[in-house]
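At position 292 of the sequence shown (counting the first as 1) the number is 292 in the numbering used here, and the numbers step up by one without a gap.
By construction, these hints were calculated from the structure, which means they are not laboratory data. Errors might be hidden in some of the hints.
The calculated lysine to aspartate or glutamate pairs, modelled on DMTMM-like cross-linking and capped at a C-alpha distance of 25 angstroms, are [what the hints assert, rightly or not]:
(1) Lys43 x Glu249
(2) Lys247 x Glu298
(3) Lys224 x Glu130
(4) Lys264 x Asp32
(5) Lys76 x Glu257
(6) Lys76 x Glu249
(7) Lys76 x Asp214
(8) Lys247 x Glu26
(9) Lys97 x Glu249
(10) Lys100 x Glu253
(11) Lys76 x Asp113
(12) Lys264 x Glu298
(13) Lys100 x Glu302
(14) Lys76 x Glu130
(15) Lys76 x Glu253
(16) Lys247 x Glu29
(17) Lys191 x Glu226
(18) Lys43 x Asp223
(19) Lys97 x Glu207
(20) Lys191 x Glu169
(21) Lys97 x Glu302
(22) Lys76 x Glu26
(23) Lys100 x Glu130
(24) Lys191 x Glu29
(25) Lys97 x Glu169
(26) Lys264 x Glu302
(27) Lys43 x Glu257
(28) Lys100 x Glu269
(29) Lys43 x Asp214
(30) Lys100 x Glu126
(31) Lys43 x Glu207
(32) Lys76 x Asp59
(33) Lys97 x Glu26
(34) Lys100 x Glu207
(35) Lys264 x Glu94
(36) Lys264 x Glu249
(37) Lys247 x Asp113
(38) Lys224 x Glu176
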Amino acid sequence: MNKNRMVEIAVIGLLWITSSTAFAYEVIEVTDGATIVGTVTLKGIPPSPKAYNLVTFPDPEYCGRISDGQGWRLLKDFVVNDENQLQGVVMVVEGVKAGKPFSLSIPRVEARDCQFLPFTTVVRNEHGIEVVNMDPVMHDIQAYETSLSQGTRVLFNSPLPFNPRHQRENIHATHEHLPGQSLVHQFQLSKGRKTFVMQCGFHAYMESWAIAVDNPYFSFTNDKGEYVISSLPPGSYRIRAWHPSVKHEQIYEFSVEPNQTVRKDFSLESPVGRWTAHTIRTPPRFTPAALGHPVLIEPLVEHQRP
């Protein structure tokens, strides 16, 4: 078998389907570890971001501190630089049964300025996730697992209260972020499901996506689309590039010798055509006048551009 064979798997939706057998990861000393590096680019024109009319959701003034200046909040699934190198792709090495310590336990996601940070992360099955509200407004956590064959299942749904010390007299202008009480939820993913998604029930433009991993050999691409995964025991593995809004995942098979560095670059296809129903409508169906009182929506934190 060609060890450098690339296998492209077409999937429908934002899912990760795997047939790998579950095993208990073993921690060993890795003295001659190998490294895999590479760059991920987006093939094609990045699609327009999803757009949400702020006056149709709670807290338009505070959440509008990140907006386009016309009352729309943009959710940018794809963050690329001038060379179309893609940030936030989750790179996972599969098939590692023993290696360096697995320090990840419960990842932390922050609700800050009405966005979940980070947008992409990883989780460990049966370990859970921590969510903290840094805003002076309420959020509502809705967490799901997804599967092409089994559909979507609710994992948990819980309000995320804000810190009562927030000064709410002028939340339109406030930049202070005080952590509320941490919400920690343990969950167990069903067999065959590895995709975890979290949304806010009050603010639909708040999303965070995660992939369940069973070993510590993962990484996230930086603002240049680069990734590095080191301390790999010698052997043969597969590396997967995953992004929640890309329909075609890519997998490389590779082998590494002691202290070897190998390079694997990826090119993920950009969605084409109408990929979302959330688009800017001109004129909007609803304007601030529909609320019956003055509303000031100013992009004080970030003036978004498509």
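Outcome of the hint check:
With a CA separation close to 13 angstroms, the supplied pair Lys43 and Glu249 stays within the 25 angstroms bound. For the suggested pair Lys247 and Glu298, the alpha carbons sit about 35 angstroms apart, so the restraint of at most 25 angstroms is broken. The hinted pair formed by Lys224 and Glu130 fails the criterion: a straight-line CA distance of about 28 angstroms is larger than 25 angstroms. Taking the CA atoms of Lys264 and Asp32, the gap is near 20 angstroms; set against the 25 angstroms cutoff, the hint holds.
About 39 angstroms separates the Cα atoms of Lys76 and Glu257, which puts this hinted pair outside 25 angstroms; it is violated. For the suggested pair Lys76 and Glu249, the alpha carbons sit about 19 angstroms apart, so the restraint of at most 25 angstroms is met. For the suggested pair Lys76 and Asp214, the alpha carbons sit about 28 angstroms apart, so the restraint of at most 25 angstroms is broken. For the hint pairing Lys247 with Glu26, the CA-to-CA distance comes to about 33 angstroms; that exceeds 25 angstroms, so the pair is violated.
At roughly 23 angstroms between alpha-carbon atoms, Lys97 and Glu249 fall within 25 angstroms of each other, so this suggested pair holds. This hinted pair checks out: Lys100 and Glu253 have alpha carbons roughly 21 angstroms apart, not beyond 25 angstroms. Straight-line distance between C-alpha atoms of Lys76 and Asp113 comes to about 15 angstroms, which keeps the hinted pair within the 25 angstroms bound. Annotation: proposed proximity of Lys264 to Glu298 is violated, straight-line Cα distance about 43 angstroms (limit 25 angstroms).
For a cut-off of 25 angstroms, the pair hint linking Lys100 to Glu302 is broken: about 40 angstroms separates their Cα positions. The straight-line distance between the Cα atoms of Lys76 and Glu130 is roughly 23 angstroms, inside the 25 angstroms bound, and the hint therefore holds. Straight-line distance between C-alpha atoms of Lys76 and Glu253 comes to about 31 angstroms, which puts the hinted pair past the 25 angstroms bound. Note on Lys247 and Glu29: the hinted pairing is violated, with a Cα-Cα distance of about 37 angstroms set against a maximum of 25 angstroms.
Between Lys191 and Glu226, the direct Cα distance comes to roughly 31 angstroms. Violation of the 25 angstroms bound is thereby established for this hinted pair. Annotation: proposed proximity of Lys43 to Asp223 holds, straight-line Cα distance about 16 angstroms (limit 25 angstroms). For the given pair, Lys97 sits about 32 angstroms from Glu207 by alpha-carbon distance, which is inconsistent with the 25 angstroms threshold. A C-alpha spacing of about 48 angstroms is found between Lys191 and Glu169, which places the hinted pair above 25 angstroms, so the restraint is violated.
For the hint linking Lys97 to Glu302, the alpha-carbon distance of about 44 angstroms lies beyond 25 angstroms, and the restraint is violated. For the suggested pair Lys76 and Glu26, the alpha carbons sit about 38 angstroms apart, so the restraint of at most 25 angstroms is broken. In summary, the hint linking Lys100 to Glu130 is supported, as the alpha carbons are separated by about 24 angstroms, within the 25 angstroms threshold. With a C-alpha separation of about 31 angstroms, the suggested pair Lys191 and Glu29 falls outside the 25 angstroms cut-off, and the hint is violated.
A C-alpha spacing of about 54 angstroms is found between Lys97 and Glu169, which places the hinted pair above 25 angstroms, so the restraint is violated. A threshold of 25 angstroms between alpha carbons decides the hint, and for Lys264 with Glu302 the separation of about 35 angstroms lies outside it, so the pair is violated. With a C-alpha separation of about 31 angstroms, the suggested pair Lys43 and Glu257 falls outside the 25 angstroms cut-off, and the hint is violated. Annotation: proposed proximity of Lys100 to Glu269 is violated, straight-line Cα distance about 33 angstroms (limit 25 angstroms).
Annotation: proposed proximity of Lys43 to Asp214 is violated, straight-line Cα distance about 29 angstroms (limit 25 angstroms). Distance restraint check for Lys100 and Glu126: the Cα-Cα separation of roughly 20 angstroms lies within the 25 angstroms cut-off, and the hinted pair is therefore satisfied. Proximity of Lys43 to Glu207 is assessed by CA-CA distance (about 24 angstroms); at most 25 angstroms being required, the pair is judged to hold. Annotation: proposed proximity of Lys76 to Asp59 holds, straight-line Cα distance about 20 angstroms (limit 25 angstroms).
With a C-alpha separation of about 6 angstroms, the suggested pair Lys97 and Glu26 falls inside the 25 angstroms cut-off, and the hint holds. For a cut-off of 25 angstroms, the pair hint linking Lys100 to Glu207 is broken: about 31 angstroms separates their Cα positions. Only pairs whose Cα atoms come within 25 angstroms are accepted, and Lys264 paired with Glu94 is accepted, the gap being roughly 14 angstroms. At roughly 14 angstroms between alpha-carbon atoms, Lys264 and Glu249 fall within 25 angstroms of each other, so this suggested pair holds.
Restraint check: the Cα-Cα separation between Lys247 and Asp113 comes to about 29 angstroms, which exceeds 25 angstroms; the hinted pair is violated. About 30 angstroms separates the Cα atoms of Lys224 and Glu176, which puts this hinted pair outside 25 angstroms; it is violated.
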